[in-house]
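So you can see what is in the structure, the chains are spelled out below.
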Amino acid sequence: MHELTLAEHALRIVEKSAHQADATRVTRIKLAIGALAHVDPETMRYCCEMVSRGTLADGACIEIVHSPGRACCADCGAEVELKQLGESCPHCGSYRLDVCDGDQMLVVDIGIV
Amino acid sequence: MCTTCGCGGGNATIDGLALLLPRYRKRATIPAQSSYRLPGHDNAPLGAAHAPDMTPERILHIEEDILADNDAQAAENRNRIAARGLFALNFVSSPGSGKTTLLVDTIRRWAARTPLAVIEGDQQTANDAERIRATGAPAVQINTGKGCHLDARMISLALDRLAAERHLPQNGLLLIENVGNLVCPAAFDLGEAHKVVILSVTEGEDKPLKYPDMFRAADLLLVSKIDLLPYLDFSVDTAIRYARQIRPDLPVICVSAKTSEGCDAWLAWLEAGCAALQGRTG
Numbered sequence: 001m002h003e004l005t006l007a008e009h010a011l012r013i014v015e016k017s018a019h020q021a022d023a024t025r026v027t028r029i030k031l032a033i034g035a036l037a038h039v040d041p042e043t044m045r046y047c048c049e050m051v052s053r054g055t056l057a058d059g060a061c062i063e064i065v066h067s068p069g070r071a072c073c074a075d076c077g078a079e080v081e082l083k084q085l086g087e088s089c090p091h092c093g094s095y096r097l098d099v100c101d102g103d104q105m106l107v108v109d110i111g112i113v
Numbered sequence: 114m115c116t117t118c119g120c121g122g123g124n125a126t127i128d129g130l131a132l133l134l135p136r137y138r139k140r141a142t143i144p145a146q147s148s149y150r151l152p153g154h155d156n157a158p159l160g161a162a163h164a165p166d167m168t169p170e171r172i173l174h175i176e177e178d179i180l181a182d183n184d185a186q187a188a189e190n191r192n193r194i195a196a197r198g199l200f201a202l203n204f205v206s207s208p209g210s211g212k213t214t215l216l217v218d219t220i221r222r223w224a225a226r227t228p229l230a231v232i233e234g235d236q237q238t239a240n241d242a243e244r245i246r247a248t249g250a251p252a253v254q255i256n257t258g259k260g261c262h263l264d265a266r267m268i269s270l271a272l273d274r275l276a277a278e279r280h281l282p283q284n285g286l287l288l289i290e291n292v293g294n295l296v297c298p299a300a301f302d303l304g305e306a307h308k309v310v311i312l313s314v315t316e317g318e319d320k321p322l323k324y325p326d327m328f329r330a331a332d333l334l335l336v337s338k339i340d341l342l343p344y345l346d347f348s349v350d351t352a353i354r355y356a357r358q359i360r361p362d363l364p365v366i367c368v369s370a371k372t373s374e375g376c377d378a379w380l381a382w383l384e385a386g387c388a389a390l391q392g393r394t395g
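Those sequence lines, one after another, are chains A and B. Heads up: the first sequence at position 94 corresponds to 94 in our numbering, and the numbers run straight through without jumps. Plus 113 on top of the position in the second sequence (first one is 1) and you've got our numbering.
If we strip away everything but chain B, and leave its shape as in the complex, we get (with noise of 0.2 Å):
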C-alpha cells in the first residue's frame, strides 16, 4: 500500500485471490536525477509524486573521497613512522629506472649513519628483497600480484612485520620501493615523508610531460645513470624543464650509482632530511 495516501494493491485481492501486481515495475528505467522520484512512474498522469507498492527511491548524500580509507590507513602509517623517528620515502618510477640498483648503492654509502629498513613492492618475486638483503639490511616483500600500485594498507602489514623481527629501526631511514609504474602509485599515500620519483637518462626525457600526475605528486627528482649521457641523445636540462612545467621549483639530483658522481648530494639530501625530522621530533 502507498505509504503516502493508502492507495495501492498490495492487499487488494479478487475473489480472495491475490492480484498479480502490474508487469510495469518490471520494465521502469531508472534515469540519472537526483531528487526523490518513483521508478516506474515516469509517465504518471501529471507526474504523480505517489504510486501503490513502491518503495520510493531516496538520495543519500556522501560527498566522502574515494581515497578516504587509504588516506586515514595513510595518516595512521605516517604517525607510527614518525613515533619511530623514522624518515619514510617512497621511491616510484617506470618499471627499469634502477631504483634497486640506487637503493643497494645508497645502503652501502649510508653504512652506519643510521638505521634502516626497506621495503619492496613487485607484483611477483621476492628478488629485489634478496638483493636488498645482501648489503646486510632488512627487507620486506610485498607482492602485489595484479595490482599495479602499493596502498596504505600493505604498508601498514609491511610496517607490523618488520616490527615483528625486531627490524623496525628507532631513528634512521625507511625506504619504501613502490611496483615501476609511473601512473598508478602516484595516487596513493602510504604516509611517506617524500615521493621520490626517479628519471633514468635511457628514458624519454619528455617523462614528465606524458605522465604528469607522478611528477607533482613527488618532492624530489633523481635522474638516475648518468654515466650513460655519453652515449645518448637524452638531455638532461630539457627534462628539468618539462619536470619543473609540472612541479615548478621540483629539487633535482643527478646520480651515477656505477661512478658515484651526484652520490654525496643524495647522501646529504637524505642527511638532512633526518636531521629535519630529529629537530622535529626533539
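Isolated chain A, as found in the complex (with noise of 0.2 Å):
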C-alpha cells in the first residue's frame, strides 16, 4: 500500500506550497498520474483524502488526471500508445519500447482560500 506513503509526500507538498502562501485552506488539489506510474488512482485519491484529514487540505476536492502512456519503439522508431508495461509495438511487435510519457505523479496544482 505504498499509495499511503506517495499520498504523504504530495501532501507535504501540497501544505508546503499552501503555506508559503498564507492559505486558510486548501480547497482542491490536482494530481497528474500516469497510465504507467507506480499507482493506482482510486486508491490515491482515498489515500489523499485520509491523510488531509485534520490538515488545511481537510475535505480538500482531489481531481486526478490521467495521462496515456506513451513510448517510442527503438526497432521501428514510432511513437505509440501504452496501455501498460510488457505490451508490444503495435507496428512491428519488437518489446523494445522506451516509455516517454504516462509514467509521472505530479502535484499540478491546489486551490486555495
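In short, the hints are calculated from the structure, not lab data. A quick note: this is a predicted structure, and the numbers were derived from the prediction, not measured. Take the hints with a grain of salt, since some may be wrong.
As the list claims (entries may be wrong) - The following residues of chain A were derived to be distant from chain B, with all beta-carbon distances above 10 Å:
| id | residue |
| --- | --- |
| 1 | A35 |
| 2 | E42 |
| 3 | E49 |
| 4 | V51 |
| 5 | G54 |
| 6 | L56 |
| 7 | D58 |
| 8 | C76 |
| 9 | A78 |
| 10 | E79 |
| 11 | V80 |
| 12 | P90 |
| 13 | H91 |
| 14 | D101 |
| 15 | G102 |
Unchecked claim - The calculated label-pair distances, taken between Cβ atoms and stated as ranges, are:
| id | chain 1 | residue 1 | chain 2 | residue 2 | range |
| --- | --- | --- | --- | --- | --- |
| 16 | A | A74 | B | D350 | 20 to 26 Å |
| 17 | A | R53 | B | T248 | 42 to 48 Å |
| 18 | B | H174 | A | M50 | 23 to 29 Å |
All C-beta atoms, glycine included, are put in the ideal place defined by N, C-alpha and C.
Could you use the hints to bring the two separately framed chains together as a complex?
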C-alpha cells in the first residue's frame, strides 16, 4: 500500500505551498497520474483524502488527471500508445519500447483560499 | 467587503447590529475547474466574478513530482555512497525468494575481496540482520513497521548508524535487502547503483508480466533456487522471455546458493561493478 506513503509525500508538497501562500484552507488538489505510474489512481485518491484529514487540505476536492502511456519503439521508431508495460509495438511487434510519457506522478496545482 | 468593488455586508449593520452572513456560503460546493472563481457563486447573476466577504480561491501552480523529496534524499545518499567508493545494490523480490540466503552465501564467497556492509529491511524482527552478522559482516536492521518498502530517508539513517559504529566501509559493497514485496519498492530510489530483482523458481514464471514495475526498474535478474528445477515445471527460458518483454536486454544470472551453480557468474558481475566504480572514481 505505497499509495499511502505517496499521498503523504503529496500532502507535504501541498502544505508547504499553501503555507508559503498564507492560505487558510486548501479547497482542491489536482494530481497528474500517468497510466504507467506506480500507483492506482483511485487508491491514491482515497489515501489523499485520508491523510489530509485535520490538515489545511481537510475536505479538499481531489482531482486526478490521467495521462496515457506513450513509448518510442527502438526498432521501428514509431511513437505508440502504451496501455500497460509488457505490450509490444503495434507496428513491428518489438518489445524494445522506451517509455516517453505517462509514468509521471505530480502535484499539478492546488486551489487555496 | 468585496475587494473588487467595495460591495458587501461584512461591515453592514441594521440598528447597530451586525448582519448575519447569508447562509448560502455554507452550502457552497467546489466544482473542479482550474480558473479563478468564487465558491458559492455558481448561480450568481451573469456569473459575477466578485462577491462580498468572499476570499477568492486562488490557484497555485506547483508541478512537483510526488517523489521529489525522496529522490532528493536518494541523490544525497548516492553522493555519500560514491564518496565512500561503495557499489550499492538494492535487492528486491517477493517474500521467500531467498534474498537473505543468497546474501549470506554471497558474503561468504566474497570473503576478503573488499569490505562490505548490509542494510536489512523488514516490517518486523531483526532475524535477517542477525543472520548477516553471523557471517561476520556488519548489518543494520530497518524495521518499517506497517511500511511496505524502504525509502531514501531510512537508508540515510542506516548509513549514519553504520558510520557511527565505524562499519561503513571504504571501497567495497553496500548490500541493501528491501522488504519482500514485488510492488511498492519499485517506486522508491534509495541511492543505489542498481536494483537487483530476484525471482525464485518456486514462483510463477509469469511474475515479470504480473508485476512489471519491479522488473522494469531492475538492472539485473537473479533466478534463484535453480537446484529445485528438476522437481518443478518452471521454465527458466519462459521467465526470462517475459522479463525481457518488460525490460529488453535485462541481464540474467541463474543461481543456486545450495549447489553453487551460477555463483561464479554472480560474483564476477559484482566484481565488474566494483571495478567500474573504482575506474570512475579514480
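Now the hints, each set against the structure:
no.	hint	verdict
1	A35	12 Å, holds
2	E42	16 Å, holds
3	E49	14 Å, holds
4	V51	12 Å, holds
5	G54	19 Å, holds
6	L56	12 Å, holds
7	D58	13 Å, holds
8	C76	14 Å, holds
9	A78	16 Å, holds
10	E79	17 Å, holds
11	V80	15 Å, holds
12	P90	14 Å, holds
13	H91	16 Å, holds
14	D101	14 Å, holds
15	G102	13 Å, holds
16	A:A74 with B:D350: 20 to 26 Å	23 Å, holds
17	A:R53 with B:T248: 42 to 48 Å	46 Å, holds
18	B:H174 with A:M50: 23 to 29 Å	25 Å, holds
Of the numbered hints listed earlier, not one is contradicted by the structure.
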